[in-house]
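In the order they appear, the protein sequences are chains A and B. Okay, so the first sequence: first residue is 771 according to our numbering, each after it adds one. Okay, so the second sequence: first residue is 12 according to our numbering, each after it adds one.
Quick caveat, the hints were computed from the structure, so don't treat them as lab data. Only true hints are included.
Among the chain A residues that face chain B by a calculated CB cut under 7 Å, a handful are:
(1) 1432
(2) 1468
(3) 1481
Just so you have them, the derived chain B footprint on chain A, three or more residues with Cβ under 8 Å:
(4) 797-807
(5) 967-977
(6) 1022-1032
(7) 1258-1268
Here are some of the chain B residues that sit facing chain A, going by a computed Cβ distance under 10 Å:
(8) 43
(9) 49
(10) 61
(11) 115
(12) 116
(13) 122
(14) 157
Every residue, glycine too, gets a C-beta built ideally from N, C-alpha and C.
In case you want the letters, here they are:
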Amino acid sequence: MTDHDAAGGGAARFVGQSIKRVEDPRLVTGHGRYVDDIVLPGMLHAAFLRSDYARARIAMVDISRATAMAGVHAVFTAAELNHHVDSLAASVNPRDAPKTPAHVLAAGDVRFVGDPIALVLADSRYLAEDALELIDIEYEPLTPVIDFESAADSVDLVHPELGSNLGSSVSSVDSNLSAVFAAAETVITETFHQHRQCNMPMETRGIVAHWEPFAGRLDVWASTQSPHELTATAARILGLGQHQVRVHMGDVGGAFGQKIFVGREEMALLLAARDVARPVKWIEDRRENLIAANSARVDRVKVSMAVNGDGVILGAQIDHLTDSGAYPNGGKPASGSNMVSMFPGPYRMSNLGWTTATVYTNTLGRGAYRGPWQMETVARELMMDRVAAEIGVDPLEFRRRNIISEDELPYTTATGRVYENITPSETLEQAVSMLDYEQFRIQQSDARSVGRLLGVGISACIEPTSAGRGALGSEGATVRVERDGNVNVFIGTGSHGQSLETTIAQVVADQLGISMDSISFHQGHGTPYGFGTGGSRSAVIAGGAARAAAIGVREKILSIAAELLEAASADLGIEDGFVSVAGTPSRRVSLAVVANTAYSDPEALPDGIEGGLEHAARFQAPPVTYSNATHVCTCEVDPATGLVTILRYIVSEDCGVMVNPMVVEGQIAGGVVQGIGGALYEEARYDLDGNPLTTTLMDYLIPTAAEVPLIEYGHIVTPSNTPGGHKGVGEGGAIAAPPCVLNAVNDALACMNVNLTHLAATPDAIVTALAAALA
Amino acid sequence: MTDPIEVAMVVNGAEHVAAVEARKTLADFLREDCLTTGVHLGCEQGACGACTVILDGQAVRSCLLFAVQASGSAVTTAEGLAGADGSLNVVQEAFRECHGLQCGFCTPGLVVTVTAYLADHPDPGRDEIRSALSGNLCRCTGYQGIIAAVEQAAVIAALQGGIS
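The task is simple: from the sequences and hints, build the whole structure.
Rendered as structure tokens:
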């Protein structure tokens, strides 16, 4: 193991090992506790009436029949709830960020199919849904804005209050680009489109809320990535202090960005809970999740790239447009800042000009989805292959000529990002060597001679992880040794599949010299503020906080033990729950005795050491911790059916010191397969009137076990500058996979004069493109 | 609303009797009346497989059946696969060993599906495994650990003389 693991004093017994997960015994036996498993006495069940129109005036809504129905407790519309809320903005939004109109429920008009109009609370979900059918509503349909590429010019407005469909528009102020382009040997321009996708966590959104007016307390159970964001938002919209809100964090069935911020339905439920002062539960159904939770990835990027006669990139201009839908998550339109600033990726690209804009449309709002800015890698990596083909250089060779090598670090990009401790060139070489790229080219040529279409794709990315800014930049942790020597860890994360219960325990167990089963892990109410789990931040930031807190406790343990053992604390170590003197293992005292002394025997404590045995620490992350990866895959395309079969899929990544390699590979695999889904199968579609066409999992096709390739992993370990040497790794798989797959498909189809620039490469898209190329 | 109908079934070895609405799904009955909340609802459309249970020896989607249709039957859920002492069955243990789960929401349906599958197909090839799993969606793992877990479970179950 590296020095990073041992730094701080603890031995690296767990960090770096593929420890089996602490979470699993309850989850594999059906004993996890997800939000829908919460049942409280007197609990009411919610259902939402949602718009059937993409854009319409609500001429009339009458809830009287629904309100009168037996078993119905209350029905709410905008008139009852909206005046409580002046903003849908997330608590971490910049103050000057543009805001969407603050309609918790649709007020006067509806702005996408699925827009929530009314909330019913009834004795059961069955009855609540019955009551929805008794709400009388009349619409006056209006022309919807569906096409995001023309939305900015439309006279029809998604949000009339805003006066424009343009959500935001930013461009680079100065660039040397025109001179660079004028002098370049070759300038190539191409436009790439990415289609609408959905996060599709297996567990939909859900929330249980209980306001107890005489206690002045709101208890909330939710499927969330960020219990503290939920606390802040609940307090704000209900006019409570944050000390009055207790968000309880149970198991969460995936999110991928969907559950960071508090949605309109969740706000409505919180407001209704206060009104009825009884426990209320809302569990989203799958149709709602697919039409109303969030979508992502709707992007268009025009790229112009200048290269010299040696195939060296001189600069690029990118023009990016994205679709924010009607109500983007977090109450503000999408930001393209990461998209444009990460565009250079792992390549030397000394000049970059850019524009990025986003528009509102009468469609499902955009939300964060695993690498929300990943269009930079999609467009760049597709462009790398496009340019390579244009100048007659193999795409691997073109990348080799431009990729940043380790001896150039630290490297400052054209957008001012400073890369350190990354290995773009090494991961590229490892990945192509794992494939045996040259051998594949021979195999491909042989296959072509018998009419089979094989292709290889490469995609390299730099993943900006663990952003160290503002409220996202730090996490707190408290490590408390109880009187019997067992340990509670309190942390502000929102683990929803990332295995933090295991990995944080690994970090703490190493520092305290105890076994992992001596540790209990706590999130939610009572933990120090933290932004939660998202943005590939938990290993670095939460891990850093847990580590710092554990080191603080360790120091105190050693001080007390030194007194008890009459030794110098510098001579002591902790192992297997005992503090012992180096070289004299028989001189030892158990952690239980140390802890009991700390709580019960103040006279035995060293001077200046207060009673109790806990330490709270906060870790402030550096501005960005970069990890990097290269993906390589091969595929075969059936020209008759358009079916793509992925033959091999290789990921070489460098996420620094791995807390748990099994968990790291799980994160990579999950991201890659989501990316494969986005490249080949998944598309959330609307018709021209804004009706969603993919409202079930028979229409919205995520990959199944039958389609996925075996993923092969290569690891390069370059420690980051953070105390554990870790880097984030949660999003990279989903960032790099889509262009890797599309490049392989295009490589296979190049001999047929087909080059796809629109995702997804569905069988239909491939067959259509082949037919067009032959025509 | 129709009058409640009495439903009786054996769930994980215990008899459950309740009067329920005819429209109540088996999944909701198992979750609400039998407290086997390991039966997860991922779509309520029969597409995701998270609610899979073993009904009289067959893996079925409990969201696509009404409780009244299952009256008189024996049902096993993920809870019923584990030993009373907390010991995991061979499939559950393999899922843990091979990191076949992350968020765990699809997992009960998967371990039930795989347990039923291996009982009928003790020596499956990898492509057969992929096909057998294709009705159970997972959004976290990319299926890598799941496929490995099924292969491992098949080997260990064979060594133990069959799956239980």
